[in-house]
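A.B. asks: Residues per chain are reported as follows:
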Amino acid sequence: MTDAVSTKRAGSSGLGRRILIAIPYVWLLIFFLAPFVIVLKISLSDATIAQPPYTPLLDLSAGWQGVVEWWNGLDFENYTLLTEDELYWVSYLSSLRIAVISTLLMLLIGYPMAYAMARAPKSIRPALVMAVILPFWTSLLIRVYAWIGILSPEGLLNAFLLWTGIISEPLYIMNTETAVLIGIVYSYLPFMVLPLYASLEKLDESLLEAAADLGSPPWKAFWQITVPLSIPGVIAGCFLVFIPAVGEFVIPDLLGGSETLMIGKTLYNEFFLNRDWPVSSAIAVLLLLVLVVPIAVYQNVQARQLEGKA
Amino acid sequence: MTKGLSAVNVTALVLGFSFLYLPILILVLYSFNDSQLVTVWGGFSTRWYVSLLHNEQLLEAAWVTIRLGLVSATLATVLGTLAAVTLTRLGRFRGRTLFSGMIYAPLVMPEVITGLSMLLLFVAINLERGFLTLTIAHVTFAMCFVAVVVQSRLVTFDRSLEEAALDLGCPPFKTFFVITLPIILPAVVSGWMLAFTLSIDDLVISQFTTGPGATTLPMRIYSSVRLGVKPEINAVCSILIAIVTTGVIIASIATKRAENERLKAERAAAAGR
Chain E
1 MTDAVSTKRA
11 GSSGLGRRIL
21 IAIPYVWLLI
31 FFLAPFVIVL
41 KISLSDATIA
51 QPPYTPLLDL
61 SAGWQGVVEW
71 WNGLDFENYT
81 LLTEDELYWV
91 SYLSSLRIAV
101 ISTLLMLLIG
111 YPMAYAMARA
121 PKSIRPALVM
131 AVILPFWTSL
141 LIRVYAWIGI
151 LSPEGLLNAF
161 LLWTGIISEP
171 LYIMNTETAV
181 LIGIVYSYLP
191 FMVLPLYASL
201 EKLDESLLEA
211 AADLGSPPWK
221 AFWQITVPLS
231 IPGVIAGCFL
241 VFIPAVGEFV
251 IPDLLGGSET
261 LMIGKTLYNE
271 FFLNRDWPVS
281 SAIAVLLLLV
291 LVVPIAVYQN
301 VQARQLEGKA
Chain F
1 MTKGLSAVNV
11 TALVLGFSFL
21 YLPILILVLY
31 SFNDSQLVTV
41 WGGFSTRWYV
51 SLLHNEQLLE
61 AAWVTIRLGL
71 VSATLATVLG
81 TLAAVTLTRL
91 GRFRGRTLFS
101 GMIYAPLVMP
111 EVITGLSMLL
121 LFVAINLERG
131 FLTLTIAHVT
141 FAMCFVAVVV
151 QSRLVTFDRS
161 LEEAALDLGC
171 PPFKTFFVIT
181 LPIILPAVVS
191 GWMLAFTLSI
201 DDLVISQFTT
211 GPGATTLPMR
221 IYSSVRLGVK
231 PEINAVCSIL
241 IAIVTTGVII
251 ASIATKRAEN
261 ERLKAERAAA
271 AGR
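Residue numbers (UniProt numbering), protein chains in the order written: chain E, 1 to 310; chain F, 1 to 273.
Errors might be hidden in some of the hints.
Within a straight-line C-alpha distance of at most 20 angstroms, the following computed SDA-like cross-link-like pairs (lysine to any residue) qualify [claimed, not checked]:
no., chain 1, residue 1, chain 2, residue 2
1, F, K256, E, A127
2, E, K122, F, T11
3, F, K174, E, L15
4, E, K122, F, V14
5, F, K174, E, R18
6, E, K202, F, K174
7, E, K122, F, L263
8, E, K220, F, N9
Computed spacing ranges between beta-carbons, pair by pair [stated by the list, open to error]:
no., chain 1, residue 1, chain 2, residue 2, range
9, F, V8, E, I101, 33 to 39 angstroms
10, E, W64, F, S224, 49 to 55 angstroms
11, E, E86, F, L181, 54 to 60 angstroms
12, F, P171, E, V293, 42 to 48 angstroms
The set of hints was computed from the structure by calculation and includes no laboratory data. Since the structure is predicted, the reported quantities are computational estimates derived from the model, not experimental observations. Here a beta-carbon is modelled for each residue, glycine too, at the ideal position from N, C-alpha and C.
Only chain E is shown next, with the shape it has when bound in the complex (with noise of 0.2 angstroms):
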């Protein structure tokens, strides 16, 4: 049947069918888009000493005046804060460069994990892929703290290591930029792997082997038949761990000491330790801003693989 009638006789039930869409879409507009807007307004505030320690309030009750007071009370004073003090800009910089170093190191360790799952014996696929979705459901919390008892100076790894006499003082790993990314690299594995599985098991093998019939080299058909045929599993991965990694708090926060900053700690801090409401708006609107494109274009990618079926 086409979508044309579908829609007409879904479209026949009119009240029900209004309410039905209406439910779930009220509840984002209020409880996910709503609140987008409100950061955007905070962050064009000024802190006060108040509960809610912002200025000015848009106070209703106070009629047209009480919008052209609050109107009148904005400002970029946030933002230009934000450009100003270097605190944020290195917190910026380097969200981004391990958000992508991290990336880089999941598409290299994912990839041939990917591969030989896509590879395995048929019975076993199943199994492996659990095997990988598995930590996932298992707390981040969790998988991060099990780090700090490997990584830390008197921890699992430098014990080992002396004991095994390759090295003779411990290693300082705990609290540098190195815990972090193998925090990263850790806890988003699954994401980056389970893609780049989805697209290598579709893989035709006929075409490798007419590849390998017309005299090819394994290796030449890997790289002219498999890595392109995989792209599309590689964007998904990549943007599936990087937009996240980009705004990450706990990690950092856990592994990474007061050495690493990040954008997430930053406005995590901003919000928490120095109560400064209007500026860690503005943090999350600017964070916003950098992951608008990696969202859009990562929900294009979702939207098309799961609707394409349609």
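Chain F: place on chain E using the hints.
C.D. replies: Relative to chain E, chain F alone:
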């Protein structure tokens, strides 16, 4: 191309999976360590599990977390399934692009942004922070995950069954409950489980949206982890890992079995035709 796994492939799998699992295994192993020190093995002991039973704060937090997970996962499943049906079965409507955007965006949205924006909303509408605001926040991000899981099931299944029912005069609502829902049920159930897990695991969004009296387990764990590694925390984490792992494995086996039975029934039906 040779079938089976080459040495390179096996190495990739072994190294990859060791990387994924070793840290968790070590964590669980050391929860049975008698010694206070994290790196010294002082012999097998379950004393950290016993001491958990006397930790009132942790127990209370666990209770809050479970209640929150049950309530928010259930609501999120209802809303998420509705959203998935809206996206796949109700055709075009005004604002559809915005709607699908609001479904996919929370999946990748940095948690600090979601958390901050929700908190500011609750402050703006003067909603007292506590269990209610936590629930709203969890429902909102979890429903999007449910929507995606259910949607991927809805787009792959044979629509002719629904159409046959509609053609025979079955009202759309009844068609949904009698035909569609039973078929997509495994996806709805795994959506619920995903929502529940996301809820009991969440830290950042909860930190922003909680209030006095509503402290969840991840929040308790976080505040003690900041002070260093403790065997007692290893024990809590191991329990959580055990629960989640068992749940996921049972669910996936059940789904698989249901799927096989359905395929068998379909095949039988096709053969009898």
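A.B. asks: Give a verdict on every hint.
C.D. replies: Status of the hints after comparison with the structure:
no.	hint	result
1	K256(F) to A127(E)	12 angstroms, holds
2	K122(E) to T11(F)	18 angstroms, holds
3	K174(F) to L15(E)	16 angstroms, holds
4	K122(E) to V14(F)	18 angstroms, holds
5	K174(F) to R18(E)	17 angstroms, holds
6	K202(E) to K174(F)	37 angstroms, violated
7	K122(E) to L263(F)	18 angstroms, holds
8	K220(E) to N9(F)	17 angstroms, holds
9	V8(F) to I101(E): 33 to 39 angstroms	25 angstroms, violated
10	W64(E) to S224(F): 49 to 55 angstroms	52 angstroms, holds
11	E86(E) to L181(F): 54 to 60 angstroms	56 angstroms, holds
12	P171(F) to V293(E): 42 to 48 angstroms	45 angstroms, holds
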